[in-house]
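In order, the protein sequence lines correspond to chains A and B.
Residue numbers 1 to 427, in full-length UniProt numbering, belong to the letters of the first sequence in order.
Residue numbers 1 to 95, in full-length UniProt numbering, belong to the letters of the second sequence in order.
Honestly, the hints are just simulated from the structure, not real lab data.
Check before you lean on any hint, since a few could be wrong.
Within a straight-line C-alpha distance of at most 30 Å, the following computed DSSO-like cross-link-like pairs (lysine-lysine) qualify [unchecked claim]:
#1 Lys46(A) - Lys48(B)
#2 Lys40(B) - Lys16(B)
#3 Lys64(B) - Lys46(A)
#4 Lys25(B) - Lys60(A)
#5 Lys60(B) - Lys231(A)
#6 Lys33(A) - Lys16(B)
#7 Lys56(A) - Lys40(B)
#8 Lys46(A) - Lys25(B)
#9 Lys410(A) - Lys64(B)
#10 Lys78(B) - Lys46(A)
#11 Lys245(A) - Lys151(A)
#12 Lys60(A) - Lys16(B)
#13 Lys56(A) - Lys25(B)
#14 Lys46(A) - Lys16(B)
#15 Lys16(B) - Lys56(A)
#16 Lys81(A) - Lys410(A)
#17 Lys143(A) - Lys268(A)
#18 Lys64(B) - Lys16(B)
#19 Lys46(A) - Lys77(B)
#20 Lys56(A) - Lys78(B)
#21 Lys36(B) - Lys16(B)
#22 Lys23(A) - Lys60(A)
#23 Lys294(A) - Lys410(A)
#24 Lys33(A) - Lys60(B)
#25 Lys143(A) - Lys417(A)
#26 Lys245(A) - Lys143(A)
#27 Lys46(A) - Lys45(B)
#28 Lys183(A) - Lys143(A)
#29 Lys151(A) - Lys256(A)
#30 Lys78(B) - Lys48(A)
#31 Lys7(A) - Lys60(A)
#32 Lys60(A) - Lys107(A)
#33 Lys48(A) - Lys64(B)
#34 Lys45(B) - Lys56(A)
#35 Lys60(A) - Lys46(A)
#36 Lys48(A) - Lys60(B)
#37 Lys48(B) - Lys56(A)
#38 Lys77(B) - Lys48(A)
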Amino acid sequence: MSVKVEKLEKNVVVLEVTVEGAKFAQEVNRVAKTFANRVNIPGFRKGKAPRALVEKHVGKETLYNEALDHLLGPTYAEAVKESGITPVDRPEVDVVQVEDGKELIYKAKVTVTPEVELGAYKGLQVEKEAAVVDESAVEAELKRRQDQYAKVITLEGGKAEEGDTVNIDYEGFIGGVPFEGGKAEGHDLVLGSDSFVPGFEKQLVGAETGQEIEVNVHFPEEYRSKELAGKEALFKVKVNNIKRKQVSPLDDEFAKDVSEFGSLDELKADIRRKLLEGEERRVETAYRNAIVAKAVENASVEIPDVMIQAQVDHMVEDLAHNLEYQGINLEQYYQYSGSNEQEMRERFRPQAAENVKSELTLEAIGKAEGISISDDELNEKLVQLAEQYHQPADALRANLEANGGLEGFKANLTMDKVVEFLVENNA
Amino acid sequence: MRDARDVLRRPVISEKSVNLSAENKYSFWVDPAANKIEIKNAVEKMFKVGVTEVRTMNVKGRVKRVGRHSGRTPDRKKAVVTLRPGDAIEGFAGL
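Extracted from the complex, chain B is given alone in its bound form (with noise of 0.2 Å):
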């Protein structure tokens, strides 16, 4: 099995996600090639507590220009995670 932390890359640090892990849900950039299983375990592994559900999205990279170039900023899947009630991750936005 692949490592807990190829497959979590970074948490997502936004206002949204910020606001999301009040409801005990925290929300990871994740490897697009990584599934469910594989996010649960991983976070289980990593913070030391027990995930009820993963729900995840790939996020299409977007379109950038530079000039005439065209390029595509690369595609990327992003997993909330709902905790078991009573556990948490500390210090979430400071990772």
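The shape of chain A in the complex, shown without the other chains (with noise of 0.2 Å):
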């Protein structure tokens, strides 16, 4: 067999492939012999007719395109292998010549991955941003932990202010007649939520428990139910009860009741640090991104639409995946978000396509700077995988073996080498 590369334009390249005519021809006699296993010849046995007569009998091309089909396959793959290309398409076989005794020619067409311009990808620069938090963070959190850990109580006596929660029955009329949906009993109301229409919250600031108040409200035009939009109302209010939370002061009281620790500059100091933990994580993978997206953005490269395509589909399937854990599948998804395929798949392209630059480019540059992956390495992170799934390492091998996913997973390593590798040469 042999192979002639032709390169058509930026990433399609034809391979001609010549198989032996011996080759063919044994190939042919044995798709001639199943045929002869299965077609029913008379005077004959099944499986004994001689070759020339199962020929008439099926046809030629029947014969041949049978023993094409069987011959495509391995030898394309012998053909990618020894041009060295890396084909990310199916290919588009046309066959030049198919004749009895002859070579068997054909040209596959096939879209291959590009060829990756890389600009500048070492000595990039790109400034880390400092991790810093703010005081005033580590104040909101401390506020966070009070609410939290606030008591409420119910008020006896005394006048309800904004913020607190007031239990109401309340029956609304519009000109002196009930309407629909105007009435409950017992309901909770955060004062100061907006949750009710507005004006009625401010009401009822002053309130006392056991008073009863007439409340007038405005209902806006654009209200969503329809009949009330725009309309004056009356609601006569009751109030059954008054809450209100009780925040703890902020002292080394609270510090004991709410952590381990004995103060609340202790506690300060240690939510400090966990903010300043997130934010140094937070600010290093921006960095590393930062630096990954310059080296990207350096390269050049044309990407076939195929790729696009392939990433595209990878990302509506992860979607679909996520839905499914919500319990919804794509469809009802679409319906709710109005959308379709199509348009969700055009919305995906671009995000596909920078993600298909970065691995190329990424890719480019690991066999440029001859980054790679030693079956040292390669263990090392099979065994601590291994551990996380509380598997055997041999055999979550075997599994990734099995599955073809070793190959991906080296991939998935030598990438954050790669980005590693990177982030030292940065500056």
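Two independent chains are provided; combine them into the complex using the hints.
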């Protein structure tokens, strides 16, 4: 077998594969035999008919096509290997010559991974943000905890204030007539939460337990219920009780209550430290992403459409998967969001192109720098992973190998290493 | 004399006949009225080969029934012709 490689456009390659006549004839013979076993030719038991008769019976074309089908797969794979290309698509095969006793020649047109023209990727001088934690962030976190641990007490006498929860019975009237949905009993309303008609909550401020008040409101023009929009309404409200959150003062006592620390300062320091850690992680990730983004930006590559499409497929699949966890399928999602598959794919496209590009760029850098994962490293990672999943490492490995996932796993590790390399060479 | 085509009707294409052709013996369905001499001449003329021996047999037609009607397939005569060593009929199976 011999292969001729011809580059068409940017990343389309035509392989001209020539298979020796003998090999082709042999395959045709083999195919003829299988056919002989299947067809019934008068005068012969199955499988006993001579080749010439079988050929006459089923047709030469059929035999050749069948043989071709059998030969294409393996020879194409071999040709790909021999020519060192990396196809990203199924080949478009064009048969040039099939004749008895002659060589079989076919051309396979296939899209291959594009070559990446790497731009600068070392010494990118990407600035790393400093991780700072604002004192106000600490205060906010402290306040959050304070709220979280606040005690709710029912007010015995006293007036409702903004932020209190009042339990009310109410009935609404428009022009003296009760209206649908305007009545409730024992409703908990947080004053200042703006969950009712504007003005309603304000008028309850200052109310006392047991008091009955009349509240006048004006429904806004764009109110969701058409009958009520723009109308004046009167609500007769009875306040059943008033609950107030009582926050403990921020002091050492509070610190002891909510944490294992003995003093407020220690608690603050701890909060600050944790926030800082989170911030550092965020900054580090952002920094890495920025470096990769920069390197990718500097590189140029023409991405074949099929690769983007494949990536989009992937993203849609991911989405479908995530949606499934929420108990809906894609169709339903399209309905809710008022879109359709086409639109969605269109929306994913830029991101998909970006992803493919980074992947290709990182791969190219890895190749240019000779970064690869040694077997030892691979093993080490596998053991780590196995521990995470509580599986024996060997089983995991066998599993990955069986699913063809080992290559992907290795590729991921290589990517990580390339990113590491970029970070190291940033300055 | 009758034409060779009237004597030789068609080759016998079967496993047995194909195997016999390996021994330089070729089988034909022939006119039941034809004799060995006529068959010999016909084969020699049609395929331009030498014939050393002709053996013939009459094959009775089979009784076939379709429902309550019974009939017979026609009687046939089969001839196995041995060629002179070295001669051959090319593409016998495909005739």
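Taking the hints in turn, this is what the structure says about them:
{"no.": "1", "hint": "Lys46(A) - Lys48(B)", "in the structure": "violated (33 Å)"}
{"no.": "2", "hint": "Lys40(B) - Lys16(B)", "in the structure": "holds (21 Å)"}
{"no.": "3", "hint": "Lys64(B) - Lys46(A)", "in the structure": "holds (25 Å)"}
{"no.": "4", "hint": "Lys25(B) - Lys60(A)", "in the structure": "holds (28 Å)"}
{"no.": "5", "hint": "Lys60(B) - Lys231(A)", "in the structure": "violated (110 Å)"}
{"no.": "6", "hint": "Lys33(A) - Lys16(B)", "in the structure": "holds (19 Å)"}
{"no.": "7", "hint": "Lys56(A) - Lys40(B)", "in the structure": "holds (29 Å)"}
{"no.": "8", "hint": "Lys46(A) - Lys25(B)", "in the structure": "holds (23 Å)"}
{"no.": "9", "hint": "Lys410(A) - Lys64(B)", "in the structure": "violated (73 Å)"}
{"no.": "10", "hint": "Lys78(B) - Lys46(A)", "in the structure": "holds (24 Å)"}
{"no.": "11", "hint": "Lys245(A) - Lys151(A)", "in the structure": "holds (6 Å)"}
{"no.": "12", "hint": "Lys60(A) - Lys16(B)", "in the structure": "holds (25 Å)"}
{"no.": "13", "hint": "Lys56(A) - Lys25(B)", "in the structure": "holds (23 Å)"}
{"no.": "14", "hint": "Lys46(A) - Lys16(B)", "in the structure": "holds (14 Å)"}
{"no.": "15", "hint": "Lys16(B) - Lys56(A)", "in the structure": "holds (19 Å)"}
{"no.": "16", "hint": "Lys81(A) - Lys410(A)", "in the structure": "holds (20 Å)"}
{"no.": "17", "hint": "Lys143(A) - Lys268(A)", "in the structure": "holds (11 Å)"}
{"no.": "18", "hint": "Lys64(B) - Lys16(B)", "in the structure": "holds (24 Å)"}
{"no.": "19", "hint": "Lys46(A) - Lys77(B)", "in the structure": "holds (26 Å)"}
{"no.": "20", "hint": "Lys56(A) - Lys78(B)", "in the structure": "holds (24 Å)"}
{"no.": "21", "hint": "Lys36(B) - Lys16(B)", "in the structure": "holds (21 Å)"}
{"no.": "22", "hint": "Lys23(A) - Lys60(A)", "in the structure": "holds (17 Å)"}
{"no.": "23", "hint": "Lys294(A) - Lys410(A)", "in the structure": "holds (24 Å)"}
{"no.": "24", "hint": "Lys33(A) - Lys60(B)", "in the structure": "violated (34 Å)"}
{"no.": "25", "hint": "Lys143(A) - Lys417(A)", "in the structure": "violated (42 Å)"}
{"no.": "26", "hint": "Lys245(A) - Lys143(A)", "in the structure": "holds (13 Å)"}
{"no.": "27", "hint": "Lys46(A) - Lys45(B)", "in the structure": "violated (35 Å)"}
{"no.": "28", "hint": "Lys183(A) - Lys143(A)", "in the structure": "violated (36 Å)"}
{"no.": "29", "hint": "Lys151(A) - Lys256(A)", "in the structure": "holds (16 Å)"}
{"no.": "30", "hint": "Lys78(B) - Lys48(A)", "in the structure": "holds (22 Å)"}
{"no.": "31", "hint": "Lys7(A) - Lys60(A)", "in the structure": "violated (34 Å)"}
{"no.": "32", "hint": "Lys60(A) - Lys107(A)", "in the structure": "holds (22 Å)"}
{"no.": "33", "hint": "Lys48(A) - Lys64(B)", "in the structure": "holds (27 Å)"}
{"no.": "34", "hint": "Lys45(B) - Lys56(A)", "in the structure": "holds (27 Å)"}
{"no.": "35", "hint": "Lys60(A) - Lys46(A)", "in the structure": "holds (19 Å)"}
{"no.": "36", "hint": "Lys48(A) - Lys60(B)", "in the structure": "holds (26 Å)"}
{"no.": "37", "hint": "Lys48(B) - Lys56(A)", "in the structure": "holds (25 Å)"}
{"no.": "38", "hint": "Lys77(B) - Lys48(A)", "in the structure": "holds (25 Å)"}
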